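Asker: Spelled out from the first residue to the last, the chains are:
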Amino acid sequence: MDFLNTLLIGITAGSIYSLMAISMVLVWRSTRVVNFAQAGMALLSTYFGFEAVTKLGSFWIALPVAMLGGALVAALVEMILIRLLVKHSSSGPIAGVAPIIATLGLLGVIRASASMIWGGQDVRIVGPVSNDGFTINGTTLVFSPLKLLILVTVLVLMLILSLVFQKTNIGLALRASAYSPEIARLSGIKVDWVRTLGWALAGAAGAVAGMFQTVNGNGTLSPDSIEFSLLLVSGFIAAVIGGLDSLIGAVIGGLVLGLMISFVLMYISSGLFFIAPFVILLLVLFIRPQGIFGAKAARRA
Amino acid sequence: MSTNNAALRVEGVNISFGGLRALNDVYLEIGKNEVVGLIGPNGAGKTTLFNALCGLVKPDSGKFFLDGQEQDFPHTAQLVDLGIARTLQGVGLFGDLTVLENVMVGAQHLATSGLISAALGRSGKDEKEIRRKSRAALEKVYAGGLANRRADTLSYPDTKRVAIARALVSEPKILMLDEPAGGLGAQDIEWMNLLIRNLSATMSILLVEHHMDVVMSVCSKLYVLNFGEVIASGSAETVRRDPAVMAAYLGTGV
Chain A
1 MDFLNTLLIG ITAGSIYSLM AISMVLVWRS TRVVNFAQAG MALLSTYFGF EAVTKLGSFW
61 IALPVAMLGG ALVAALVEMI LIRLLVKHSS SGPIAGVAPI IATLGLLGVI RASASMIWGG
121 QDVRIVGPVS NDGFTINGTT LVFSPLKLLI LVTVLVLMLI LSLVFQKTNI GLALRASAYS
181 PEIARLSGIK VDWVRTLGWA LAGAAGAVAG MFQTVNGNGT LSPDSIEFSL LLVSGFIAAV
241 IGGLDSLIGA VIGGLVLGLM ISFVLMYISS GLFFIAPFVI LLLVLFIRPQ GIFGAKAARR
301 A
Chain B
1 MSTNNAALRV EGVNISFGGL RALNDVYLEI GKNEVVGLIG PNGAGKTTLF NALCGLVKPD
61 SGKFFLDGQE QDFPHTAQLV DLGIARTLQG VGLFGDLTVL ENVMVGAQHL ATSGLISAAL
121 GRSGKDEKEI RRKSRAALEK VYAGGLANRR ADTLSYPDTK RVAIARALVS EPKILMLDEP
181 AGGLGAQDIE WMNLLIRNLS ATMSILLVEH HMDVVMSVCS KLYVLNFGEV IASGSAETVR
241 RDPAVMAAYL GTGV
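Residue numbers (our numbering), protein chains in the order written: chain A, 1 to 301; chain B, 1 to 254.
Be aware that one or more of the hints could be misleading.
Said to hold, decoys possible - Taking lysine-lysine pairs in the DSBU-like style, the calculated list, with each CA pair at most 35 Å apart, reads:
id : chain 1 : residue 1 : chain 2 : residue 2
1  : B       : K221      : A       : K87
2  : B       : K221      : A       : K167
3  : B       : K133      : A       : K190
4  : B       : K128      : B       : K221
What the hints assert, rightly or not - To give an idea of the interface, some chain B residues facing chain A are shown, with a C-beta separation under 10 Å as derived from the structure:
id : residue
5  : C54
6  : V57
7  : A77
8  : L88
9  : E101
10 : V105
11 : R166
12 : L195
13 : N198
14 : A201
15 : M203
Quick caveat, the hints were computed from the structure, so don't treat them as lab data.
Because the structure is a prediction, the values reported are computed rather than measured.
Idealized CB from N, CA, C, for every residue including glycine.
The whole structure should be built from the sequences, with the hints applied where relevant.
Answerer: This is the structure we're talking about:
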C-alpha cells in the first residue's frame with residue numbers, strides 16, 4: 001500500500017510540476033528566455049484566483065479567472081519588459097543575460113507587490129472537492145478525490161494544448177517561430193505576436209499550476225509560501241530534465257521529478273525534502289545536460 | 001532607362017557595414033513577368049542587395065518602387081502583404097515540421113481570423129483553405145508525394161523544391177530565389193530551369209546564381225555586381241561580351 005500511495009502522490013505532484021515546466025518551455029521556445037519570474041506570475045495568478053473564489057464562491061469559476069489573469073500578466077510582461085530588453089541588449093556581453101536577470105528582478109517585484117496588496121499572512125483557498133483519501137477495503141489512501149481531479153484536469157489541459165500545437169494554424173506558427181524566428185518572419189508569420197501568445201499560454205499554464213499547488217498543499221497562500229519556491233525549482237528542473245525545448249519532455253520531466261521526490265521521501269528519508277530536487281537537477285546536468293529529450297536541441301546547437 | 005510600372009525598382013542604394021561600403025549607388029529593375037539575374041564574384045554584394053530588398057538589412061540611402069509607387073524599403077514582416085517572397089541560400093526549412101506544415105507556414109496570410117477566434121477553434125475554414133493551397137503549391141513543384149515527410153529527412157534537391165513551394169503559396173508577384181541551382185546535379189538543374197520559366201508566366205523573378213548556364217538560359221536581363229557596384233546590365237548576350245564583366249570574372253585588368 002505504501003508503494004501505491006507513493007506512486008499516486010508522486011504522479012499528482014509531478015503533474016503540477018509538468019504544468020510549471022510547460023510554462024517554462026513555452027517561454028523558452030518563444031523568446032529563448034529562462035523565466036525565473038514564472039513562479040511569481042503563478043503566485044500572482046493564484047491571488048487572482050483567491051479573489052475570485054472569495055467573491056464568487058466557486059473554484060471552477062476562479063480557475064479560468066486565474067488563467068486569464070495569468071495570461072494577461074505574462075503577455076504584458078513580454079510586450080513591455082522582455083521585448084524592449086531583447087531589442088536593447090542585442091550585443092555585448094549582457095545580450096543573452098539581461099532578460100533572464102530581469103526576470104529575477106521581476107520575481108522580487110511581484111512577491112513584494114503581492115505582500116503589499118494581500119498582506120504577508122496566509123490566505124486560504126478551499127479546493128472544489130475533498131482532499132481526504134479514498135478508502136479501499138478499510139485502508140485509507142493518501143490519494144484523494146482532489147488529487148484525482150487535479151490529475152484529470154492537468155491531463156485534459158495538456159491534451160488541449162497538444163491539439164492546439166499539432167492541429168491549428170496558431171500551433172504551426174508557434175512551432176515554426178520556435179524553430180527559427182528569422183525564417184518564420186520571412187515566411188510571413190507575425191513573430192512578435194506569436195511570442196506574446198507563447199508567454200500568455202505560459203502564464204495560463206502557470207496559473208493552473210499555482211492554483212493546484214495551493215489546494216494540493218495545505219490550501220494556504222502567502223507571498224513567501226514555500227509551495228511556490230518549490231514550484232519554481234521543480235518547474236525549472238522538470239523543464240531541464242525534458243530538454244527545455246520539448247513540451248512532451250516537460251510533461252515527462254515533471255512526472256519523473258514528482259515520482260523521484262516522492263520515492264526518495266518515502267524510502268530514503270523525508271528529511272531530504274528540500275535537497276532531493278536539487279540533487280536530481282545536478283545529476284541531470286552532469287549526466288545528460290541536454291536533457292532526456294533534448295537530443296534535437298543539441299543537434300541544432 | 002526606367003519604365004515607370006516595373007514590378008520592382010530600386011535606385012541609389014547605398015549600404016555600409018562599419019567603414020566598409022557593401023553597396024554603392026546600386027540600381028535594379030524587374031519588369032512584370034521578367035526573369036532577372038543578379039551575378040558577380042563572391043563578396044560583390046549580391047546577398048546584401050537581396051537582404052536589403054527583403055528587409056533583413058536596412059539601406060543607408062536609396063529609393064524603392066513597387067509597381068511604380070515609391071515607398072520605404074520593406075520590413076520582413078510586410079513582405080507577404082507586398083507580394084514578395086524569398087527563398088534562402090541555406091534553404092531554411094523548419095526541420096521538425098512536416099513538408100506540408102513547412103509550406104503551410106508560408107500561407108499564414110490566408111488565416112483571416114484573429115488570435116481570439118482561432119483560440120476558440122473558429123479558424124477551421126481558413127485551415128482547410130491553407131491546407132488545400134499548400135498541397136497545390138507542393139504539386140506545382142512536383143513534391144506532392146513528400147507532404148507528410150519530416151523536413152529534416154529530405155534529400156537536398158527535395159528541400160529546394162519545398163522551399164520554393166513555401167514561397168509560392170504566399171502567391172507572390174515577385175519571387176526572389178537565392179541560388180536556386182546551388183548544390184544541384186545536372187538533372188535537377190534542368191528541372192529548376194524549367195520550373196523558373198514556367199513560374200515567370202505568372203510572376204516576376206529575381207535570382208542570385210553562380211551557375212552561368214542557368215543564368216544564361218532563364219534570365220532575360222542580368223545585373224553584374226562587383227565590389228558593391230553595378231558594373232554591367234542588360235541582356236545575357238550583352239553582358240557576356242562586356243569587357244568589364246570579363247575582367248571581373250577572369251581577373252584580367254582592363
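Asker: Taking the hints in turn, state whether each one holds.
Answerer: So, going through the hints one by one against the coordinates:
1. For the given pair, K221 (chain B) sits about 40 Å from K87 (chain A) by alpha-carbon distance, which is inconsistent with the 35 Å threshold.
2. The suggested pairing of K221 (chain B) with K167 (chain A) is violated, with an alpha-carbon distance near 44 Å, which exceeds 35 Å.
3. Proximity of K133 (chain B) to K190 (chain A) is assessed by CA-CA distance (about 20 Å); at most 35 Å being required, the pair is judged to hold.
4. Among the hinted pairs, K128 (chain B) with K221 (chain B) is inconsistent with the structure: their alpha-carbon atoms are about 39 Å apart, more than 35 Å.
5. Hint status for C54 (chain B) relative to chain A: holds, with the closest Cβ pair at about 7 Å, below 10 Å.
6. The restraint placing V57 (chain B) at the interface with chain A is violated, with a minimum CB-CB distance near 13 Å, outside the 10 Å limit.
7. The closest approach between the C-beta of A77 (chain B) and any C-beta of chain A is roughly 6 Å, which is under the 10 Å cut-off, so the hint is satisfied.
8. A least Cβ separation of about 7 Å between L88 (chain B) and chain A falls short of the 10 Å threshold, and the interface hint therefore holds.
9. For the restraint placing E101 (chain B) at the interface with chain A, the shortest Cβ-Cβ distance is roughly 6 Å, inside the 10 Å limit, so the hint holds.
10. Against a cut-off of 10 Å between C-beta atoms, the interface hint on V105 (chain B) holds, since the closest Cβ of chain A lies about 5 Å away.
11. Because the beta carbon of R166 (chain B) sits about 6 Å from the nearest beta carbon in chain A, less than 10 Å, this interface hint is met.
12. Evaluation of the L195 (chain B) hint against chain A yields a violated restraint, the C-beta minimum of about 19 Å exceeding 10 Å.
13. At about 22 Å, the closest approach between the beta carbon of N198 (chain B) and any beta carbon in chain A exceeds 10 Å, and the interface hint on this residue is violated.
14. Taking 10 Å as the C-beta cut-off, the interface hint given for A201 (chain B) is violated, the closest approach to chain A being about 23 Å.
15. Because the beta carbon of M203 (chain B) sits about 16 Å from the nearest beta carbon in chain A, more than 10 Å, this interface hint is broken.
The structure fails to meet hints 1, 2, 4, 6, 12, 13, 14 and 15 from the earlier list, while all remaining hints are met.
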